[in-house]
Amino acid sequence: MSVQNYYLPESLGEALELLARYGPDLLVIAGGTVAMPLINEGVSTPVQVMGLRRTGLDEMARSNGNVKIGATTTLTRLLEESPVPLLRTAARNTAAWTIRNMGTVGGNLFSPPPAGDVAVALLALDAEVTLTGSGGERVVPLARFWTGFMTNVMQADELVTAITLPVPTGKTAYIKYGRKQAHTPAVVTVAAHLVVEGGRVQQARLALGAVGPHPLRCPQAEAVLTGSELSEDAITEAAQTAAGECDPFTDAIASEWYRRKMVPVYVARALRQIAQEEAAS
Amino acid sequence: MTKQLLNVVGQSVHRRDGMGHVTGRTTFVDDIQFRDMLYLKMVRSPVPHARIRGIDFSEAEKVPGFVRALTHRDVPKNIYTILCLIGVGPDEEPVLAEDRVLYKGEQIAAVVAESEEAAVEAASRVVVDLEELPAVFDVEEALKPDAPVLKPWGTNYFIYDYEYGQSNPCRKVRFGDVEKAFAEADYIVEGRYQMSPIEHAPTETTGCVVKPEPDGRYTVYTNTQALFFTLDNSALILNIPFNKLHFVGGTVGGGFGGKVDVIVEPIAILAAMKTGRPVKYVFSREEEMRCSSTRGAWRMYFKDGVMKDGRIIARKVTTYADAGAYNRHTPYAVTKHAANVAGPYSIPNVWIDAYCVYTNRQPGSAMRGFGVTPASFAVEVQMDRIAHTIGMDPWELRFINAYRNGDVRPHRKVVEDATLIETMKAAAQLVGKELPEHLLAMNSWDREGGHHG
Amino acid sequence: MKPKIVSFTLNGRPVDVMVRPMTTLQNVLRRQLELTATKAGCRQGSCGSCTVLVNGEPMAACLLPIEDVEGQEVLTLEGITPLHGLHPIQEAFFENFAVQCGYCTPGMIMVTKALLEREPRPDEATIREALSGNLCRCTGYQAIVQAVTDAADRLHGNGGVS
Numbered sequence: 260m261s262v263q264n265y266y267l268p269e270s271l272g273e274a275l276e277l278l279a280r281y282g283p284d285l286l287v288i289a290g291g292t293v294a295m296p297l298i299n300e301g302v303s304t305p306v307q308v309m310g311l312r313r314t315g316l317d318e319m320a321r322s323n324g325n326v327k328i329g330a331t332t333t334l335t336r337l338l339e340e341s342p343v344p345l346l347r348t349a350a351r352n353t354a355a356w357t358i359r360n361m362g363t364v365g366g367n368l369f370s371p372p373p374a375g376d377v378a379v380a381l382l383a384l385d386a387e388v389t390l391t392g393s394g395g396e397r398v399v400p401l402a403r404f405w406t407g408f409m410t411n412v413m414q415a416d417e418l419v420t421a422i423t424l425p426v427p428t429g430k431t432a433y434i435k436y437g438r439k440q441a442h443t444p445a446v447v448t449v450a451a452h453l454v455v456e457g458g459r460v461q462q463a464r465l466a467l468g469a470v471g472p473h474p475l476r477c478p479q480a481e482a483v484l485t486g487s488e489l490s491e492d493a494i495t496e497a498a499q500t501a502a503g504e505c506d507p508f509t510d511a512i513a514s515e516w517y518r519r520k521m522v523p524v525y526v527a528r529a530l531r532q533i534a535q536e537e538a539a540s
Numbered sequence: 058m059t060k061q062l063l064n065v066v067g068q069s070v071h072r073r074d075g076m077g078h079v080t081g082r083t084t085f086v087d088d089i090q091f092r093d094m095l096y097l098k099m100v101r102s103p104v105p106h107a108r109i110r111g112i113d114f115s116e117a118e119k120v121p122g123f124v125r126a127l128t129h130r131d132v133p134k135n136i137y138t139i140l141c142l143i144g145v146g147p148d149e150e151p152v153l154a155e156d157r158v159l160y161k162g163e164q165i166a167a168v169v170a171e172s173e174e175a176a177v178e179a180a181s182r183v184v185v186d187l188e189e190l191p192a193v194f195d196v197e198e199a200l201k202p203d204a205p206v207l208k209p210w211g212t213n214y215f216i217y218d219y220e221y222g223q224s225n226p227c228r229k230v231r232f233g234d235v236e237k238a239f240a241e242a243d244y245i246v247e248g249r250y251q252m253s254p255i256e257h258a259p260t261e262t263t264g265c266v267v268k269p270e271p272d273g274r275y276t277v278y279t280n281t282q283a284l285f286f287t288l289d290n291s292a293l294i295l296n297i298p299f300n301k302l303h304f305v306g307g308t309v310g311g312g313f314g315g316k317v318d319v320i321v322e323p324i325a326i327l328a329a330m331k332t333g334r335p336v337k338y339v340f341s342r343e344e345e346m347r348c349s350s351t352r353g354a355w356r357m358y359f360k361d362g363v364m365k366d367g368r369i370i371a372r373k374v375t376t377y378a379d380a381g382a383y384n385r386h387t388p389y390a391v392t393k394h395a396a397n398v399a400g401p402y403s404i405p406n407v408w409i410d411a412y413c414v415y416t417n418r419q420p421g422s423a424m425r426g427f428g429v430t431p432a433s434f435a436v437e438v439q440m441d442r443i444a445h446t447i448g449m450d451p452w453e454l455r456f457i458n459a460y461r462n463g464d465v466r467p468h469r470k471v472v473e474d475a476t477l478i479e480t481m482k483a484a485a486q487l488v489g490k491e492l493p494e495h496l497l498a499m500n501s502w503d504r505e506g507g508h509h510g
Numbered sequence: 079m080k081p082k083i084v085s086f087t088l089n090g091r092p093v094d095v096m097v098r099p100m101t102t103l104q105n106v107l108r109r110q111l112e113l114t115a116t117k118a119g120c121r122q123g124s125c126g127s128c129t130v131l132v133n134g135e136p137m138a139a140c141l142l143p144i145e146d147v148e149g150q151e152v153l154t155l156e157g158i159t160p161l162h163g164l165h166p167i168q169e170a171f172f173e174n175f176a177v178q179c180g181y182c183t184p185g186m187i188m189v190t191k192a193l194l195e196r197e198p199r200p201d202e203a204t205i206r207e208a209l210s211g212n213l214c215r216c217t218g219y220q221a222i223v224q225a226v227t228d229a230a231d232r233l234h235g236n237g238g239v240s
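Residue numbers (my numbering), protein chains in the order written: chain A, 260 to 540; chain B, 58 to 510; chain C, 79 to 240.
Simulated from the structure, these hints should not be mistaken for lab results.
None of the values given here were measured: they were computed from a predicted structure.
It cannot be assumed that every hint is accurate.
[To be verified] Only pairs whose alpha carbons sit at most 27 angstroms apart, straight line, appear in this in silico DSSO-like list of lysine-lysine:
#, chain 1, residue 1, chain 2, residue 2
1, B, K229, B, K268
2, B, K470, C, K82
3, C, K82, B, K134
4, B, K268, B, K365
5, B, K208, B, K393
6, B, K482, B, K470
[Stated by the list, open to error] Away from chain C, derived, C-beta distances all over 10 angstroms, residues of chain B:
#, residue
7, S69
8, M76
9, F85
10, S115
11, P205
12, N225
13, F313
14, E453
15, I478
16, V488
17, L492
[As the list claims (entries may be wrong)] With the Cβ distance kept under 8 angstroms, some of the chain A side facing chain B (calculated, not the full set):
#, residue
18, E300
19, G301
20, S303
21, T304
Quick reminder that beta carbons are idealized off the backbone N, C-alpha and C, glycines included.
Using the sequences plus the hints, can you model the full thing?
Shown next, in the form of structure tokens:
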């Protein structure tokens, strides 16, 4: 059966009502860049669909040391208007202009690996996800949002409405390694946020994309970095540790073997970027 | 003076079709539609090797817009091989699978419907009862005695010279005596080389639109790169006179060899014959990537006998082309390969065994110099390896061994058009390589050097 | 599944189309309105051959349900082609041999139009990044980049360079 209804609610309330009515039978799309290819190819055959383009969930605001990004903010707007440089870099490394004009920040959380290049940056920035359902809002740390490949903690009546993150206090790095310089799926994506004080790493957050069922943090590598002087030895050890914490896969872009080889290379490069910046400051 | 006589040489000439391209007015195949046109979608094998136990269309038939299904029983001459037009046999590829599928994505049954959406949905509801069989994906594995046998004649390699009543397991070239030369050589240099399959990925996917005409003919709008080849094969498959088909082509949105096989046209014509309506069969991107022919994989083993002065005196090559599941153009590619795998070098003793091997991969076929490209890759890497082994400049090694006009190639062709030395001199200039005098003195016409008169 | 009427502006003219839910803009243009300059290379948002401008922004027509363009302005290659002759961007592509098989050309030209409206004088890196979502398999990128630079000259003068 082909699509019976395509709803374009004009408010969050209207969207939640539709979600309450159909529950899991309602396919929710935002920019359509993940769902539409599957529908076009006949892989996905939804009957009831809701598009979020007109819900007005695309506010981007800064307050109380936080940045709040509406779920349907396009990646182009993130690239052009985000107050956080790491997110601009991540947006620039995601897809191409045409797709960034359509794809959304919220939608990026639902982009299966090796896609999801903005989500990796959000993870390194300790973002939280606002889920809104019929019972109201709840906030989930992004690090606990995913439960597996294409699965997450959301209830059937909930929507991702916003992503909130603290304005970064430390230094950040982002490297996406793909087969081309732009518009390419990742072999591995690395995002890092380090707070360095008095020559020592006080706080470390390291996130990887395209090397697991969803973007993932590397707590053991972070522990190696924390308290270190970000020396070449510490960087190498953290990079090797991160390679042991990921769970890469084989696809048309790269083999599991190659991804695992590339993780320490690109983690080390990202950390060195920060070390050099730190040394220069 | 010459310049005044030439209208094209030395001039920039605009593309004849350029105005159409920049305005979007060029008509590509998928731009064509007719009133009451039907859409064809293919039911494909989800596994690389299986026995087909049955096909159930009952759910597909219930999809609104479903018109009809086609199976191998509807195809007059279902088993074919494209190269039959140049005498290659036997026929071995089904238009639609009969009792077995040999690669993931192989065509099993066609579904024709009123809209593309209905065709996609109906095709997805066809249930094929498959018994999966062990598959083989590597050319050398496929030649082992315990490999699953893929061809009705009992081997996993193409039989050469079948048309002459012979049964050679490979294309062989024998020139001089390699074993004797190996015994005399100062160095033996060996190498193993391989290439992976490459998808052409044309921006416009493969497709055609077939329109039944009032006079009983069928007009076939197609983006094939091989218009008459495809017309002839289609007529043979459908067992109709060639003049019942009118092929219209010439506008190809990228081909690179990927559109020379005869895949979409016969079945789309058949669907138009069976329904009396225009039919469109255009690959989705997924089909283009997963199911269409690729440049085939290739594995090559080299053993060379080389003298201290740089002369290569013997070359022994065993090479395996991965045809994938079916011939397509690979038997021909292997013949080209065998003629070229000694490289553009004059080697007095050459021994070549070139196999066309079947595996459970999607068929390989034509792509830009197919057969020759893997040979050139292997030969030139091998030349560098030789140069490194004997401690000679790789340019010098190539100049010394370069073939000259008048030389006899291992396959007994007398060279008449060699310009390798001149080309290498030009290349050296372009990359800023300074060649020594004794190399600059060489030319392609006189092995001792001197002047070309 | 009730068909519905969607109204939008196409190449400066108001159009109403009767569609089934979630028909893509690509299918409406190509199949319903028979405006086939917008191509269909992948229908996955990967190749860029279906790029159109929606309110001036390049978007993939294959990923856009037609309902989403209700009330919006859509521009296709047909909309920039003059009745006689060529648009300066088309001239630049033609003159610089930036066309080979022609299948990527409409998308390339639409992105170029959007780019030159934002940046009258893009440098090479900017051009390459802007066109990164448009694949040319005949590998004619160098000529295409030259064509975009030439199009900028044709549209905005050559900036005093003789």
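task = Against chain C, does S69 of chain B hold up as non-interface, every C-beta pair farther apart than 10 angstroms?
result = For S69 of chain B, whose nearest Cβ neighbour in chain C is about 8 angstroms away, the distance does not exceed 10 angstroms, so it is violated.
ask   = Since M76 of chain B was said not to touch the interface, does its Cβ keep a gap of more than 10 angstroms from each Cβ of chain C?
value = violated (7 angstroms)
ask   = Taken at face value, is the distance from the CA of K82 of chain C to the CA of K470 of chain B at most 27 angstroms?
value = Roughly 70 angstroms separates the two Cα atoms, so the pair is violated.
request  = Over 10 angstroms to the closest beta carbon of chain C is the bar; see if E453 of chain B clears it.
outcome  = holds (33 angstroms)
key: Check on V488 of chain B being off the interface with chain C, judged by Cβ distance over 10 angstroms   = holds (19 angstroms)
ask   = Does K365 of chain B lie within 27 angstroms of K268 of chain B when you go C-alpha to C-alpha?
value = violated (67 angstroms)
query = Taken at face value, is the distance from the CA of K393 of chain B to the CA of K208 of chain B at most 27 angstroms?
reply = holds (23 angstroms)
key: Given pair status - K470 of chain B, K482 of chain B, alpha carbons within 27 angstroms   = holds (25 angstroms)
S115 of chain B non-interfacial with respect to chain C [C-beta, more than 10 angstroms] = holds (23 angstroms)
query = Is the Cα-Cα distance between K82 of chain C and K134 of chain B 27 angstroms or less?
reply = violated (46 angstroms)
inquiry  = Would the non-interface assignment of P205 of chain B survive a Cβ cutoff of 10 angstroms against chain C?
reply    = The assertion about P205 of chain B holds, with a minimum of 34 angstroms to chain C.
message = Take the shortest C-beta to C-beta distance between E300 of chain A and chain B; is it under 8 angstroms?
response = Holds, because the Cβ-Cβ distance from E300 of chain A to chain B comes to roughly 5 angstroms (cut-off 8 angstroms).
Figure legend: structure checked against the earlier numbered hints; hints not met, in rising order: 1, 2, 3, 4, 7, 8, 9, 13, 20.
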